[in-house]
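These are the residues of each chain, in order.
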Amino acid sequence: MKYVYELHKTMIANNLILVYEGEFTQDITKSILAMAERNMDAIGELGGVKRKVFSVMVECLQNIVKHSEELNEKDEDGLKNNAIFMLGKQINEYIVTSGNPIRNSAIPNVQAKIDRVNSLDKDGLKELYKEIIKNTEISEKGGAGLGFVDMARKSGEKLHYSFEPINDEYSFFALKIVVPRVE
Amino acid sequence: MEIINLEGTEETPKVILDKDNGIFEISGRSLPEDVRTFYQQILDWLDKYAAAPNPETKFTFKLEYFNTASSKMILDVLTKLEGISGAKVIWYHHDDDEDMEEAGKEFQDIVDGLPFEFKTY
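Listed in order, the protein sequences are those of chains A and B. Residues in the first sequence are numbered consecutively from 1, following the numbering used here. Residues in the second sequence are numbered consecutively from 1001, following the numbering used here.
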């Protein structure tokens, strides 16, 4: 039972106020958002910061829901339930982190999208947003292809990511977005 | 013409589309799992309304939050409104919500044939 205490200490050491590991659905997304909102309300967080954290969380969580569904359909044992979502709170910033398995074949596309977003400044992101929204169609999975652009715009920071190999077919995609606690 | 009157939830906005009383409003939060199904009923209603619209259509958007998938569907609603003569958007944003104000201005830039009026609440 020592791991309980170890996990507790790890969470405190990393200032994690919310950690969820498991299956991701729209209902779970709503519950996670409600918990984060309550937590931010309880400490009287600034309205603007709260809205930005909420936005980044929604895009991040809905991304996972879409990807985990794909794995669920394939019934990949041991892979389908291992997405993780974390919210950390430091003195000057919130840190939204997610991790989920993705197909190795999908990596170049995801990486290119994030690298493009990270190469742009505020005005560049605004133009990219307009370009995508004008030309996009809602995908079968219900996305508009605007998630990463919106995360970068709302946070005002670069998106951090990594891909850790799991096996020949899958890698673990970790994404971190920092939201400054200033308006 | 039929009235659409949907109560808002934590993931879907309140929607009122009432031709006879001249009320056209989408307000609250929009982050449904299936944005297409939710917004399709609004787009379908607007298609019917466009065949015989009121002389004036003041369409109120008073959104607290919408996700990126919803933003695409909102653009589709605005594009439909652009084709209705006498249509105008009243875009509300909370007085300290610059992102929501900017989102409205971006829609205004894209749908440039549709008049926008900005208000705070």
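Fair warning: there could be bad hints in the mix.
[Unchecked claim] Restraint ranges, calculated between C-beta atoms of paired labels, are given here: (1) A/D115 to B/E1106: 17 to 27 Å; (2) B/I1016 to A/D168: 52 to 62 Å; (3) B/E1056 to A/R116: 37 to 47 Å; (4) B/L1006 to A/G124: 29 to 39 Å; (5) A/E37 to B/N1005: 23 to 33 Å; (6) A/G44 to B/E1106: 22 to 32 Å; (7) A/P108 to B/E1010: 45 to 55 Å; (8) A/R181 to B/D1109: 49 to 59 Å; (9) A/K134 to B/K1014: 20 to 30 Å; (10) B/A1050 to A/G44: 30 to 40 Å.
Hints in this document: simulated from the structure, not taken from any laboratory. What you are looking at is a predicted structure, and each value in this text was computed from that prediction instead of being measured. The beta carbon of each residue, even a glycine, is placed where N, CA and C say it ideally should be.
Comparing the hints with the structure gives:
no.	hint	result
1	A/D115 to B/E1106: 17 to 27 Å	holds (24 Å)
2	B/I1016 to A/D168: 52 to 62 Å	holds (53 Å)
3	B/E1056 to A/R116: 37 to 47 Å	holds (43 Å)
4	B/L1006 to A/G124: 29 to 39 Å	holds (37 Å)
5	A/E37 to B/N1005: 23 to 33 Å	holds (27 Å)
6	A/G44 to B/E1106: 22 to 32 Å	holds (30 Å)
7	A/P108 to B/E1010: 45 to 55 Å	violated (36 Å)
8	A/R181 to B/D1109: 49 to 59 Å	violated (30 Å)
9	A/K134 to B/K1014: 20 to 30 Å	holds (27 Å)
10	B/A1050 to A/G44: 30 to 40 Å	violated (46 Å)
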